[in-house]
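Starting from the structure of chain A, add chain B where the hints point.
Heads up: the sequence lines are chains A and B, in that order. Counting from 1, position 223 in the first sequence corresponds to residue 223 in the numbering used here; the numbering is continuous, with no gaps. Counting from 1, position 387 in the second sequence corresponds to residue 387 in the numbering used here; the numbering is continuous, with no gaps.
Treat the hints with care, as some may be off.
Chain copies aren't distinguished; within one or between two, either way the pair holds.
[Said to hold, decoys possible] Once the Cα atoms are required to be at most 20 Å apart in a straight line, the calculated EDC-like pairs of lysine to aspartate or glutamate come out as:
id, residue 1, residue 2
1, 113, 157
2, 189, 73
3, 113, 164
4, 189, 29
5, 189, 300
Read the hints as simulated data drawn from the structure, not as lab findings.
Protein chains: 2
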Amino acid sequence: MTGPRRLHLNAFDMTCAGHQSPGLWRHPEDRSHTFHDLRYWTDLAQLLERGGFTSLFVADVVGLYDVYRDGPEPAIRDGVQVPVGDPTLAVSAMAAVTERLGFGITVSLTYEKPYALARRFSTLDHYTRGRVAWNVVTSYLESAARNLGLEKQVPHDRRYDVADEFMEVAYQLWEASWDDDAVLLDREKGVYTDPAKVRPIGHRGEFFDVPGIGLTEPSPQRTPTIFQAGASSRGTAFAARHAEGVFVISPTPEGLAPRVAELRRQTTEQGRDPRSVKVFTMLTVVTGATDEQARERYADLSRYVSLEGALTLYGGWSGLDLSTMDPDEPLRFAETEAIRSAVELFTTADPDREWTPRAIAEHIGIGGMGAVVVGGPETVADEMERWAQVADVDGFNLAYAITPGTFTDVVEHVVPELRRRGVLPTEPEGATLREHLYGAGQARVRPDHPAAVHASRRGASDT
Amino acid sequence: MTGPRRLHLNAFDMTCAGHQSPGLWRHPEDRSHTFHDLRYWTDLAQLLERGGFTSLFVADVVGLYDVYRDGPEPAIRDGVQVPVGDPTLAVSAMAAVTERLGFGITVSLTYEKPYALARRFSTLDHYTRGRVAWNVVTSYLESAARNLGLEKQVPHDRRYDVADEFMEVAYQLWEASWDDDAVLLDREKGVYTDPAKVRPIGHRGEFFDVPGIGLTEPSPQRTPTIFQAGASSRGTAFAARHAEGVFVISPTPEGLAPRVAELRRQTTEQGRDPRSVKVFTMLTVVTGATDEQARERYADLSRYVSLEGALTLYGGWSGLDLSTMDPDEPLRFAETEAIRSAVELFTTADPDREWTPRAIAEHIGIGGMGAVVVGGPETVADEMERWAQVADVDGFNLAYAITPGTFTDVVEHVVPELRRRGVLPTEPEGATLREHLYGAGQARVRPDHPAAVHASRRGASDT
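This is chain A alone, in the form it adopts within the complex (with noise of 0.2 Å):
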């Protein structure tokens, strides 16, 4: 590549409250709690767009965190994560208003068919004219499976081997099923669509029977670029095989590097381009017009942080009710798994340091397990470039400590310096959410990508 490593800009939200900075909520300046206002979403997305963000990635869970402390009061009181919207319905209001912002849509595949989805994509990429990606989970909370009917939840990798026969089906819906020319408007002939130029996809397997056609005609992008958060071994190999984004988290890019080393060998070894999957870590930037200034905005939005529901959300991630220890004793592997990847995370990226459930606390405070970069423009540029080349990632996965507030922050302060140094473009490289990533004119899968496989069953019975 010739020129500077072009990096990737997200916004990180959830229709929720003080999302990944528990507390945070009580800021003077905080919005997040008018979450339930399209034009808290509306404003956002044109402010993301002006600074020339790729996308908003709009997480969810369909649960609440009820570890800690053995129950959800503590998630209540404290408003982690709860009350919680469903993430797809801001996104028309969001796509009216905006030309170019892609919209990174968190829906887990436990509780859905894969018929019914595909059309929700479908449709969303219609409205978006090509800018969405659907974020693939596979639901960690217990909460969730207990209200939705299973008993208790799925097996991890059982969830994942459903996951890769449901990520199937749907690449045959959005590829195989209609031809591009398929809806001809032929208001001469009559025939909307050439039956010829459609075919059932024929499915039989494991988990899912779909004989049928898509419901939808192609849209921009076909299927939605495709986004990945899992951190597992086995979350790992589904997005080596199936991320064209990746987002992760690490406290340092030292030890982040092995993980995204490691991301893009297994995605090579699925026989595609290690560059096809964009890695974004997740960073909370607390910025001003100096240096100073971004310190003393840090101070001011450290006073309202709050440890319980630091600890609320962490007991959500690991599984690890931390209330029953020593705030102040180091952690230390266990025998338990639970506890050896809750602990995992924060040992192995920063193994010099000594990690209570205090400190940990303390710096999921603002922006959650990701890391935090305070500083005026330059120096937060020259931390992102170092994450670039450290840790060989392609963005940021931009939390924020109150909203739109850090958003606003960093669109005012670094965004300027970032496309002075040539690493953030001025100019939309492209229509769609797919182009933003791989150039203009790759609006659909990669040819390395497993959904390309079935786009070469479409056209076969021309007439």
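Chain B only, in chain A's frame:
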């Protein structure tokens, strides 16, 4: 009541082309094939709001009309409700450009989970500021069942048993789980929500177990306005219990009158005010400045009807493939229930007429199975008032011949006449959809509605 009877106008549409008017997508003025473009929906919503419509009703199927000629080809070729998009996703874009229009969205509960669907409608009710209705359906297409993972469709009456419990679960999530003052946003004490004002519903039933709390704080209407459109005896019983708006179809008001009377009788039996159910009958209005212009309009529109498309629709609705019958042989009551119920609508509603397949297709061709009125403003307004008087209906579900042309014609010619007669208000009667139906102040379910009993569980734990 004093003064003339207030009439409600609904626009009937679907995320597809030529909704109830097969072949009319070929008309040069028709824009229904642009349904993938958000502008189609935002322009339509603004037009309807200007015309004083109560709501836009978006129908849906998650399958194909594949009964006629024993396959999907006729539907695909004629564009009969395929391609078809998801009905929930344009709502926020429309809500953002309107202030009081309601949105009645069809979702089949047969393939949904109440915990997740309750959240979707709560989110829509927040985003619309209380203007959403759920049109509750239990799917009727075998092709939907096959592709959504059911070997064959759940039997009709069983679907309604599931539906009754589904509604109970959803009502509890909407009405009982969160107190109105649960969300405190108390920045001093750091309390987002008072846990004592949020309670798990603890539902254990035959079809669903939902132990937890609802995921969303109360929306303006809490329970979305409930619409229902099934005409079977079990469907009528469901409507009498749950529906606030009921959509019916009949070629004549005289044929409809006993059905409406029976619905109101059953509503009374359920302990509800018979006036709590607002009945909308399907009507297609072909109008112009004068009767003469309207007749010319009708003659022009009729040239584009697809009789094959009409019989394809009829096959899906009735389960009856009329392709095997002589197009000019009158239909008779037959031994099978499918044929009896399919024929019944026409023969009982208009017993003096002989209904052949061709006559049915011609009738369906413009506006589906509902009545068509052709005339200038006074003729149409007279006919509407006659329907209200003879059949005791509260308003009309207006299908289009072409869109937005049919609605534009109604707003231009008929709405001023209805307003002149005082049967259509010039000013909004309230902020929410339910207030449009019941009057200002009635944003929440009326006390006679089955959801209301769950409201009594609120506030019991006041602190």
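Checked hints:
1. Taking CA atoms no more than 20 Å apart as the test, residue 113 paired with residue 157 passes inside one copy only; the shortest distance there is 19 Å, against 23 Å between copies.
2. Only between protomers do residue 189 and residue 73 lie at most 20 Å apart by alpha-carbon distance; the minimum there is 15 Å, versus 64 Å within a single protomer.
3. With identical chains, the CA atoms of residue 113 and residue 164 are at most 20 Å apart within one copy only, with a shortest distance of 13 Å there and 22 Å across copies.
4. Taking the closest pair of Cα atoms, residue 189 and residue 29 come within 20 Å of each other only across two copies (17 Å); inside a single copy the shortest separation is 61 Å, beyond that limit.
5. Only between protomers do residue 189 and residue 300 lie at most 20 Å apart by alpha-carbon distance; the minimum there is 18 Å, versus 69 Å within a single protomer.
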